[in-house]
Amino acid sequence: GAVVSQHPSWVICKSGTSVKIECRSLDFQATTMFWYRQFPKQSLMLMATSNEGSKATYEQGVEKDKFLINHASLTLSTLTVTSAHPEDSSFYICSAREAAEKLFFGSGTQLSVL
Amino acid sequence: GENVEQHPSTLSVQEGDSAVIKCTYSDSASNYFPWYKQELGKRPQLIIDIRSNVGEKKDQRIAVTLNKTAKHFSLHITETQPEDSAVYFCAASTGSARQLTFGSGTQLTVLP
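One line per chain: the protein sequences are A and B, in this order. Here the first sequence stands for residues -2 to 111, where the numbers follow my numbering. Here the second sequence stands for residues 1327 to 1438, where the numbers follow my numbering.
Don't read these hints as lab results, they were simulated from the structure. From the three backbone atoms N, C-alpha and C, an ideal C-beta is built for every residue, glycine too. Please note that a few of the clues may not be correct.
Claimed, not checked - Between beta-carbon pairs, the in silico distance windows are:
1) A/GLY50 to B/GLN1371: 28 to 36 angstroms
2) A/SER15 to B/GLN1386: 22 to 30 angstroms
3) A/GLU56 to B/GLU1331: 13 to 21 angstroms
4) B/GLN1433 to A/LYS17: 12 to 20 angstroms
5) A/SER15 to B/HIS1333: 37 to 45 angstroms
6) B/GLN1386 to A/HIS82: 27 to 35 angstroms
7) B/PRO1408 to A/SER15: 38 to 46 angstroms
8) B/SER1354 to A/MET42: 32 to 40 angstroms
9) A/THR79 to B/GLU1405: 45 to 53 angstroms
10) A/ASP62 to B/SER1354: 19 to 27 angstroms
11) A/PRO37 to B/HIS1333: 48 to 56 angstroms
12) B/GLN1371 to A/PRO5: 18 to 26 angstroms
13) B/THR1435 to A/GLU98: 25 to 33 angstroms
14) B/PRO1408 to A/SER2: 43 to 51 angstroms
Claimed, not checked - Below, a list of computed lysine-lysine pairs in the DSS-like style, where the Cα atoms sit at most 30 angstroms apart:
15) B/LYS1394 to B/LYS1363
16) B/LYS1368 to A/LYS52
17) B/LYS1363 to A/LYS99
18) A/LYS38 to B/LYS1384
Here chain B stands alone, though its shape is the one from the complex:
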């Protein structure tokens, strides 16, 4: 089955700096890659997603890049703010039901 690896597990940045989280996947048939933000005790919130026919997608301060050949994708957050602090999960959609396989998560802390 699909295996998604995510790095780093923790990331601390100064407010205003950029943050980058990277994921790799194993199943070349995966074609949808969402990113979720989860605050403590709350539901994961979809923040951005990308499909395999696109190399990059941007939404204000958030961008995602995808390298299908290398089977990796990354989340980029620019001009970070304290409210960006949360756990971020990458995921890959695979299987007959297009279920999501999640990465292990990255705890992002933005220091004021």
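Chain A extracted, bound-state conformation:
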């Protein structure tokens, strides 16, 4: 299947700092990427849909000023968690759509905010 790369795989930061997570489609172009959040032993919750060259679409309850998404090219989307707090600690995972609706996931980023 297609390869989606996500970095970093884990990050520890102090409360109040910002953290940027990158998601890259390595062998295909993705006009649309998705960002999910996953708590331990729970399902993936869609946070936002990232569209290349336009503003992201956020799901209800997700603060767009808190979770900044940039999709500047057909192979890269970034999620920045601004002014992170302990409650933002979670597993963040991106996905990118290859042709015909197949969705492939990045390896995820475990964020721990102290």
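Following the hints, position chain B against chain A.
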């Protein structure tokens, strides 16, 4: 919006037995239904998918069935092996961006 319900939340089977996981969806416009396998701390891996114009699809020990009228679909794993142990998620594709809505997941444990 779309709502996907998945059952059971946990499932234990003996090695060699079959496992069945069921999902229902609410949006009749959904037309793509993938299944993902996620091992602890790793990314979800697509294991099989089905489109609404097909009733059943099989890939070796894995099969998926879809009943559009009843709006439910199921994952069938035959001859289970310990390495099948993982969390399995169903999903339905909907919305203008065809985003996936996931079920709550099933922790499958295959006992040796």
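Results of checking the hints against the structure:
1. A/GLY50 to B/GLN1371: 28 to 36 angstroms: holds, 29 angstroms
2. A/SER15 to B/GLN1386: 22 to 30 angstroms: Check failed, 45 angstroms falls outside 22 to 30 angstroms.
3. A/GLU56 to B/GLU1331: 13 to 21 angstroms: Holds, since A/GLU56 and B/GLU1331 (Cβ atoms, about 19 angstroms apart) stay within the stated range.
4. B/GLN1433 to A/LYS17: 12 to 20 angstroms: violated, 32 angstroms
5. A/SER15 to B/HIS1333: 37 to 45 angstroms: holds, 40 angstroms
6. B/GLN1386 to A/HIS82: 27 to 35 angstroms: violated, 46 angstroms
7. B/PRO1408 to A/SER15: 38 to 46 angstroms: holds, 42 angstroms
8. B/SER1354 to A/MET42: 32 to 40 angstroms: violated, 23 angstroms
9. A/THR79 to B/GLU1405: 45 to 53 angstroms: At roughly 49 angstroms between Cβ atoms, B/GLU1405 and A/THR79 fall inside 45 to 53 angstroms, so the hint holds.
10. A/ASP62 to B/SER1354: 19 to 27 angstroms: violated, 35 angstroms
11. A/PRO37 to B/HIS1333: 48 to 56 angstroms: At 20 angstroms between Cβs, range violated.
12. B/GLN1371 to A/PRO5: 18 to 26 angstroms: Given a distance of about 21 angstroms, which is inside 18 to 26 angstroms, the answer is holds.
13. B/THR1435 to A/GLU98: 25 to 33 angstroms: Given about 30 angstroms between the Cβ atoms, the range holds.
14. B/PRO1408 to A/SER2: 43 to 51 angstroms: violated, 29 angstroms
15. B/LYS1394 to B/LYS1363: The hint holds at about 23 angstroms.
16. B/LYS1368 to A/LYS52: Distance of about 29 angstroms is within 30 angstroms: holds.
17. B/LYS1363 to A/LYS99: Cα-Cα ~14 angstroms, so holds.
18. A/LYS38 to B/LYS1384: At roughly 28 angstroms apart (the allowed maximum being 30 angstroms), B/LYS1384 and A/LYS38 satisfy the hint.
Checked against the numbered hints listed earlier, the structure breaks hints 2, 4, 6, 8, 10, 11 and 14; every other hint is satisfied.
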